[in-house]
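Trainee: For reference, the chains in residue letters:
2 protein chains.
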Amino acid sequence: MRHAIRNGILIKEEEATLPVTLRSVQYAYSVYEALKLKNGEFVHLKEHLERLRESARGIKIELRYQDSEIELWLNMLKDADGLMNETFRLLLVGKENIFFITHSQTRSYPDSYYSEGIDCILYEGERFLPNYKTSNLLLSYLALDEAESKGSFEALLVNRHGYVTEGTRSNFYALKGNRLYTASDEDVLLGVTRIGVMEAAKDMGVEVVYQPIYVKDIFSYDSLFISSTSMKAMPIRSIDGRPVSRSMNTMVLRFSDYVGAWE
Amino acid sequence: MRHAIRNGILIKEEEATLPVTLRSVQYAYSVYEALKLKNGEFVHLKEHLERLRESARGIKIELRYQDSEIELWLNMLKDADGLMNETFRLLLVGKENIFFITHSQTRSYPDSYYSEGIDCILYEGERFLPNYKTSNLLLSYLALDEAESKGSFEALLVNRHGYVTEGTRSNFYALKGNRLYTASDEDVLLGVTRIGVMEAAKDMGVEVVYQPIYVKDIFSYDSLFISSTSMKAMPIRSIDGRPVSRSMNTMVLRFSDYVGAWE
Numbered sequence: 001m002r003h004a005i006r007n008g009i010l011i012k013e014e015e016a017t018l019p020v021t022l023r024s025v026q027y028a029y030s031v032y033e034a035l036k037l038k039n040g041e042f043v044h045l046k047e048h049l050e051r052l053r054e055s056a057r058g059i060k061i062e063l064r065y066q067d068s069e070i071e072l073w074l075n076m077l078k079d080a081d082g083l084m085n086e087t088f089r090l091l092l093v094g095k096e097n098i099f100f101i102t103h104s105q106t107r108s109y110p111d112s113y114y115s116e117g118i119d120c121i122l123y124e125g126e127r128f129l130p131n132y133k134t135s136n137l138l139l140s141y142l143a144l145d146e147a148e149s150k151g152s153f154e155a156l157l158v159n160r161h162g163y164v165t166e167g168t169r170s171n172f173y174a175l176k177g178n179r180l181y182t183a184s185d186e187d188v189l190l191g192v193t194r195i196g197v198m199e200a201a202k203d204m205g206v207e208v209v210y211q212p213i214y215v216k217d218i219f220s221y222d223s224l225f226i227s228s229t230s231m232k233a234m235p236i237r238s239i240d241g242r243p244v245s246r247s248m249n250t251m252v253l254r255f256s257d258y259v260g261a262w263e
Numbered sequence: 001m002r003h004a005i006r007n008g009i010l011i012k013e014e015e016a017t018l019p020v021t022l023r024s025v026q027y028a029y030s031v032y033e034a035l036k037l038k039n040g041e042f043v044h045l046k047e048h049l050e051r052l053r054e055s056a057r058g059i060k061i062e063l064r065y066q067d068s069e070i071e072l073w074l075n076m077l078k079d080a081d082g083l084m085n086e087t088f089r090l091l092l093v094g095k096e097n098i099f100f101i102t103h104s105q106t107r108s109y110p111d112s113y114y115s116e117g118i119d120c121i122l123y124e125g126e127r128f129l130p131n132y133k134t135s136n137l138l139l140s141y142l143a144l145d146e147a148e149s150k151g152s153f154e155a156l157l158v159n160r161h162g163y164v165t166e167g168t169r170s171n172f173y174a175l176k177g178n179r180l181y182t183a184s185d186e187d188v189l190l191g192v193t194r195i196g197v198m199e200a201a202k203d204m205g206v207e208v209v210y211q212p213i214y215v216k217d218i219f220s221y222d223s224l225f226i227s228s229t230s231m232k233a234m235p236i237r238s239i240d241g242r243p244v245s246r247s248m249n250t251m252v253l254r255f256s257d258y259v260g261a262w263e
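Residue numbers (the working numbering), protein chains in the order written: chain A, 1 to 263; chain B, 1 to 263.
I should point out that these hints are in silico values taken from the structure, not numbers from a laboratory.
Since we're looking at a predicted model, the values are computed, not measured.
Check before you lean on any hint, since a few could be wrong.
Intra- or inter-copy, both count: the list cannot distinguish identical chains.
Straight-line C-alpha distance at most 30 Å; calculated DSSO-like pairs for lysine-lysine [what the hints assert, rightly or not]:
#1 K95 / K12
#2 K202 / K176
#3 K60 / K46
#4 K202 / K216
#5 K150 / K60
#6 K36 / K95
For reference, chain A alone in the conformation it holds in the complex (with noise of 0.2 Å):
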């Protein structure tokens, strides 16, 4: 049987659910989190945490729980359950501060992903406290659900100036000659992998630069790529049905590899 905590309390999965009279669950108020368990061990769980805190004070609420309580909760949860290597999701509903944790499979993806790219698409959208993670993601349902009926893997997010932001689950970046190009920090959700991409930067001497990448100017980079917790770094093949780069870059490749090796 699979388990979830509610508030500290471990509870059957099928027990985690919320009531629709709630006030905070019809207006959406509430914020997540989604992290890996790897061998045994929560990746980059302070980092996840530290987010998860300052998504729920973006929106005003005040996270009553400890990193060490929460720690624990996440622990009480692997070992019910025999788990080794699970995605974890944290949710936190409203004022009232109802905590779930609940879990999945960490999703795989193809190595052709990796090897050959993936497809996206453009979709017009800004997310609303882009810096956030909230459970408002009724633009990133129905840019994901656009992207899905036409075969590619993922929306990127194109704002009112005409600039790719974010994807709808991932970060957005072009790489050219010595030079990674990202949006600034307002613009986005400050991805926990994108963290790591910024030091593979780092380590590997190229240039970071917090800059629009427009859709006019979006085949004129070497190559494109997007990072999330699950996906890593994902080079990007093409763009509504236009390829992006002549070929595979091998700049691209070593952030993925970096990227895949930092957690």
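Starting from the known structure of chain A, fit chain B onto it as the hints suggest.
Mentor: What follows is chain B alone, placed relative to chain A:
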């Protein structure tokens, strides 16, 4: 004991819950409606069901239930809980079409809200897909929270162009001379009570002008008011602490009376 409806089945209200592991719940991929039962009759039921269907379609959910079925369920719930005057909430979750009906006491407001008007704040933000009543309500939550923390009743949303589109749970209007100004259809929720306001204008020989009401001009109108299913038409007394009209306007009171009688 209070009841609810889930997919046509009468359940206890406490059983009206959603699993946090469901993707449609995690993405707040759902739409809703609120409608009133008044003296045992559902008010403007047809319009609310039409809008529910429209909202669903707007986010690519096909509502699989017929109006006649939903009406049957509403009556089932009304009878089970012996209700005569109440507010019902319909919630449709995801492509799975999980459908809930719950109910709560109809809000009533002090007479002074109508005779003296209410206080509003301005809040910068645009609802995503404003024509549809989706659960993507974080902006509304935060705006209303801000209003309430300042002792105000409603937050008026100001868009990127500097004009007020609507309130967090109301439509917004300005009166000047014999003209009623309001944002155009594509910018706002097409409130059911807004239809009543338009009918009132027609009956009163007031010309409706679909024209942005800019913040910079907002104090130049004779009077301002908001409308919603629960509020009917409610005059605005102040915005961000500044009085909006020298005196209560007889015109706005006529709108208020008309819309009150319309339902």
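Trainee: Compare the structure with each hint and give your call.
Mentor: So, going through the hints one by one against the coordinates:
no.: 1; hint: K95 / K12; verdict: both (24 Å within a copy, 25 Å between copies)
no.: 2; hint: K202 / K176; verdict: within (16 Å within a copy, 61 Å between copies)
no.: 3; hint: K60 / K46; verdict: within (21 Å within a copy, 38 Å between copies)
no.: 4; hint: K202 / K216; verdict: within (28 Å within a copy, 48 Å between copies)
no.: 5; hint: K150 / K60; verdict: between (38 Å within a copy, 15 Å between copies)
no.: 6; hint: K36 / K95; verdict: both (26 Å within a copy, 28 Å between copies)
When the structure is compared with the earlier hints, no violation turns up for any of them.
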